[in-house]
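J.: Let the hints inform the model, and build the full structure from the sequences given.
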Amino acid sequence: MKHIIWIDYAKSIAIFLVVLLHTHCSETLAQVINSFIIPLFFMMSGYLFSYRRNPAYGPFIYKRFRQLVVPYLWIGALGYLAWLLVLRHYGSDAGSDQSWYEPLIGILGGFADLMTTDIPLWFLLSLFVVEAVSYPLNRKTGNPLLTGSAALALSFLLYVTVPQLQSRLPFLLGPAISGIFFYSVGQFLSRRRFDGQRLFSPTVALVALPVFTAGIYFNRPVAYYVCDYGNYGLFLLSSFAGSYLVFCLSYLLGRLGESPAVKFISRMTLIVCGLHILMFSLIKGIALYCFRIQPEVLTANIPNGILFALASFILSFGCARIISRHFRFLIDR
Numbered sequence: 495m496k497h498i499i500w501i502d503y504a505k506s507i508a509i510f511l512v513v514l515l516h517t518h519c520s521e522t523l524a525q526v527i528n529s530f531i532i533p534l535f536f537m538m539s540g541y542l543f544s545y546r547r548n549p550a551y552g553p554f555i556y557k558r559f560r561q562l563v564v565p566y567l568w569i570g571a572l573g574y575l576a577w578l579l580v581l582r583h584y585g586s587d588a589g590s591d592q593s594w595y596e597p598l599i600g601i602l603g604g605f606a607d608l609m610t611t612d613i614p615l616w617f618l619l620s621l622f623v624v625e626a627v628s629y630p631l632n633r634k635t636g637n638p639l640l641t642g643s644a645a646l647a648l649s650f651l652l653y654v655t656v657p658q659l660q661s662r663l664p665f666l667l668g669p670a671i672s673g674i675f676f677y678s679v680g681q682f683l684s685r686r687r688f689d690g691q692r693l694f695s696p697t698v699a700l701v702a703l704p705v706f707t708a709g710i711y712f713n714r715p716v717a718y719y720v721c722d723y724g725n726y727g728l729f730l731l732s733s734f735a736g737s738y739l740v741f742c743l744s745y746l747l748g749r750l751g752e753s754p755a756v757k758f759i760s761r762m763t764l765i766v767c768g769l770h771i772l773m774f775s776l777i778k779g780i781a782l783y784c785f786r787i788q789p790e791v792l793t794a795n796i797p798n799g800i801l802f803a804l805a806s807f808i809l810s811f812g813c814a815r816i817i818s819r820h821f822r823f824l825i826d827r
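Following our numbering, the numbering of the sequence shown begins with 495 at its first residue and continues without gaps.
Treat the hints loosely; a few may be bogus.
The calculated label-pair distances, taken between Cβ atoms and stated as ranges, are [unchecked claim]:
hint : residue 1 : residue 2 : range
1    : 568       : 758       : 16 to 24 angstroms
2    : 787       : 688       : 42 to 50 angstroms
3    : 664       : 571       : 12 to 20 angstroms
Quick caveat, the hints were computed from the structure, so don't treat them as lab data.
Built from N, CA and C at the ideal position, the CB exists for glycine as well.
T.: Laid out in structure tokens, this is it:
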């Protein structure tokens, strides 16, 4: 597949929004971002998949295991050790009654609600499950929308009948079920050659904006990792409308041309997804013990949160750059 500039911008925007989301600087901002960010990532992943570049299932799964599960495990181990040795004794986790083994169960078993040491890591394992299941199903049916529709129906059925079951399934199978739907939509758009130019429409964007706003306003906050979607219909509306607006913005930015920095950010998106929480702890520790700045001040409002997110963003990519140069086996590309 030809390198897609606007997807680089979309991934870069999305990962910064993820980092900003986890600063918890604003409940409203968190609700806005949570309403579409995970479906956006699944759709982009599906859009970038190609059977032509991955003709055999075995090599594809092995490659994705190294790209997703290996980082999931080593970043998870780093986060767990940091929590076990330092973070549960100092800062916001001090005095926590969580046992030492619960985060391990969360990481090894894929239970997002127990992964308190680095919750955003859940997406890496969930994406691996989505791709492992989607590959044979979409190849067999020959129609990603057929697979996606079946996954959507199953996700909705489980959500309205046994809502707590999905979040208790091991290996992030719960969020992966709805993830297969969004991944398949992305794959469908790619097959139909919906590039940035075909997707972009000022008229549709003007319609998407109030739809997105309404979907957020009338729905409760979404917590995708524990399969809490609120009203499922409103969740789907905000997911597609929000993702479409990011696609439009990314297409416009892509017309400025390729950027080496944006390209690198795009390549390291999933690594930063796991690393940025560790950078949060590092910055807060330096602020508190070196400058006597209370951690709450760093994310007390949106401007502070943006600055904090930028600092974490830069540090995360600095670490990713070092790892990509000297420890490539940890982030097989």
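J.: Look at each hint and say if it fits the structure.
T.: Against the structure, the hints come out as follows:
1. The hinted window of 16 to 24 angstroms between residue 568 and residue 758 holds, with their beta carbons roughly 20 angstroms apart.
2. The hinted range of 42 to 50 angstroms is satisfied by residue 787 and residue 688, whose Cβ atoms lie roughly 47 angstroms apart.
3. Between residue 664 and residue 571 the CB atoms are about 19 angstroms apart, so this pair conforms to the stated range of 12 to 20 angstroms.
In the structure shown, no violation is registered for any of the earlier numbered hints.
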